[in-house]
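S.K.: Turn these sequences into a full structure, and let the hints steer you where they fit.
These protein sequence lines are chains A and B, in that order.
Counting in my numbering, the first sequence runs from 726 upward without gaps.
Counting in my numbering, the second sequence runs from 5 upward without gaps.
Read the hints as simulated data drawn from the structure, not as lab findings.
All values derive from a computational prediction rather than experimental measurement.
Treat each hint with caution, since some may be false.
[To be verified] Just some of the chain A residues that point at chain B, by a computed CB distance under 8 Å:
hint : residue
1    : S843
2    : A845
3    : V848
4    : M849
5    : A852
6    : A856
7    : Y859
8    : F861
9    : S862
10   : H863
11   : T897
12   : R898
13   : A899
14   : C900
[Unchecked claim] One side only, chain B facing chain A, incomplete, derived with CB under 8 Å:
hint : residue
15   : S29
16   : C54
17   : S81
The beta carbon of each residue, even a glycine, is placed where N, CA and C say it ideally should be.
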Amino acid sequence: MQTFKVGDKIRVRQWDDMAKEYGTYTDATGKEHICYPSSFVQGMKYLCGRTGTITSIDQSCEDIQWLQIEWDKSMKEHWVIDNGSVELIQSEETCKGNKDISIGDTVYIIDDEYIYRSYADWVMAYAPKYAAYYAFSHLPDSKNDVAFTVVAIAPHEQSFFGMLYLIRSQCTRACYLVQEKGIEKKNNTAETDSKKLDIDEGACVCITDSSKVYPKFSQWIKDNAPEYAEQFAYGQIPKEGTHCYVVAKTKPTLTGLYGRLYLLRDRDTNACYIVREKGFAFMVDTTAAYDNNSKICVGDMVEVVDNQQTYPNYSDWVLFHAPEYAHRVIYEKEPVNQNTYEVVAKAPHGVRNAMLYLIKSVYSNECYLIDEKGIRKLKVRI
Amino acid sequence: MKHSEINVGDTVWVVDTDFVYPMYSTWIYKHAPIYAIYYAFGHKPSKDDCFTVIAKAPHEHASEGMLYLVKDKGIGSCYIISRQGLKTESEV
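M.R.: Spelled out as structure tokens, the structure:
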């Protein structure tokens, strides 16, 4: 009988196929089972054709292996199956793929011809939790979808096509299914970064790690973006969570010297910061919504004109964009019309193309989340 | 202008893609989970494309009104859209 290794992908053989090889017998209750050395009984017949990965092997006899299987489709039943009842689909070595790409890696699409736009069955079988994020029937948006994170890896149902990768855009969060040939893993060397990483100017980002900021790197500004020299916030470090636009990046000719750095401009203050790539994360591009409301900034005083525009339950927004105010937000309640508030945070709605504002009462520390339509800027600024 | 009522099974046309909700996966998980896999997350349909309404349910914020899950008559991709972005056969 064929022997297996942990990590091999297997398929349970068809009943007739095993019956032909090993023969069958009927027990006292009239049920038909497969003969020794197989241990396949009638009650396991529904497993025929199922696929899975071997997670452990118990080899008590010389030839017979007892295989513990993790099933590909969401099956809760646990069966230990002998090696005579299964067939190899893909060996553990092949499963790893030849590009050494694993879950969590950042990858880039090098050829969208290899994207599976409508392979819903694969997503439902191997990554059902990403089903609603699979951009069914669409290709990635070349403007926003630049870098991707691998979230699932599994073989195509026809092994000829090899491994498929479910990758998630680091910008829009949309998922795409792609063959190995269509993606390339990010290489961490500066030279490769300059070729593969293509974060466009204008991309919306959020500073996530202020230790990756270079507050005194004036030379970089002179070499790469002298037009922003005046706006460079020399010696200052932005708060984590600051929303910025990418306005410049290290010139390709200088990447060997400096590595890959980006000049980010604060959306609200226009101050510019030099940040290494790992110091910020992409946000969904909401330029349009932002421009429409550029008059109202954090720190502005506003008057509530329509308290029905309040989002009384949108705690996710607060926790993501202004966690420092989470304990002050008043849920299930609206602010008072015509009262004055200070804008303490602004960011796009997570779903709609609209800008939301977190406003704090000037009389108390109560905060409310409100749509742009519900407030009007006052001619005073603190 | 008052819009006519749209029901599941109706044929509709997308007239304004600004009313599409391309990243509202929580709605689809809540109201039409069997179609989650066909939801074109992060994308919008083309204007004037023809669709079949396969589910309807309100937005979690009542002020946003009723949302419709519409399915492309060709490839079958689904989009969430509010009433203002749709036109019915009677409004053509």
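S.K.: Now tell me if each hint is right for this structure.
M.R.: Verification of the supplied hints:
Taken as an interface hint, S843 (chain A) checks out: its beta carbon lies about 7 Å from the nearest beta carbon of chain B, inside 8 Å. At about 4 Å, the closest approach between the beta carbon of A845 (chain A) and any beta carbon in chain B falls short of 8 Å, and the interface hint on this residue holds. Evaluation of the V848 (chain A) hint against chain B yields a held restraint, the C-beta minimum of about 6 Å falling below 8 Å. With its C-beta approaching chain B no nearer than about 6 Å, M849 (chain A) sits inside the 8 Å limit, and its interface hint holds.
Annotation: A852 (chain A) was flagged as interfacial toward chain B, and the flag is violated, the nearest CB pair being 10 Å apart, outside 8 Å. Contact between A856 (chain A) and chain B, as hinted, is supported at the beta carbon level, the nearest pair being about 4 Å apart and thus within 8 Å. With 8 Å as the threshold, the beta carbon of Y859 (chain A) comes within range of chain B, its nearest partner Cβ sitting at about 6 Å, so the hint holds. The closest approach between the C-beta of F861 (chain A) and any C-beta of chain B is roughly 5 Å, which is under the 8 Å cut-off, so the hint is satisfied.
For S862 (chain A), the interface hint holds, since its Cβ comes within 8 Å of a Cβ in chain B; the closest pair sits about 4 Å apart. With its C-beta approaching chain B no nearer than about 4 Å, H863 (chain A) sits inside the 8 Å limit, and its interface hint holds. Checking T897 (chain A) against chain B: minimum C-beta separation of about 4 Å stays under 8 Å; hint holds. The restraint placing R898 (chain A) at the interface with chain B holds, with a minimum CB-CB distance near 7 Å, inside the 8 Å limit.
Given the 8 Å rule on beta carbons, the hint for A899 (chain A) holds: about 3 Å separates it from the nearest Cβ of chain B. Evaluation of the C900 (chain A) hint against chain B yields a held restraint, the C-beta minimum of about 7 Å falling below 8 Å. With a cut of 8 Å, the hint placing S29 (chain B) at the interface with chain A holds, because the nearest CB-to-CB distance is about 4 Å. At a threshold of 8 Å, the smallest CB-CB gap from C54 (chain B) to chain A is about 15 Å, leaving the interface hint violated.
Annotation: interface hint on S81 (chain B) holds; nearest CB of chain A at approximately 4 Å, less than 8 Å.
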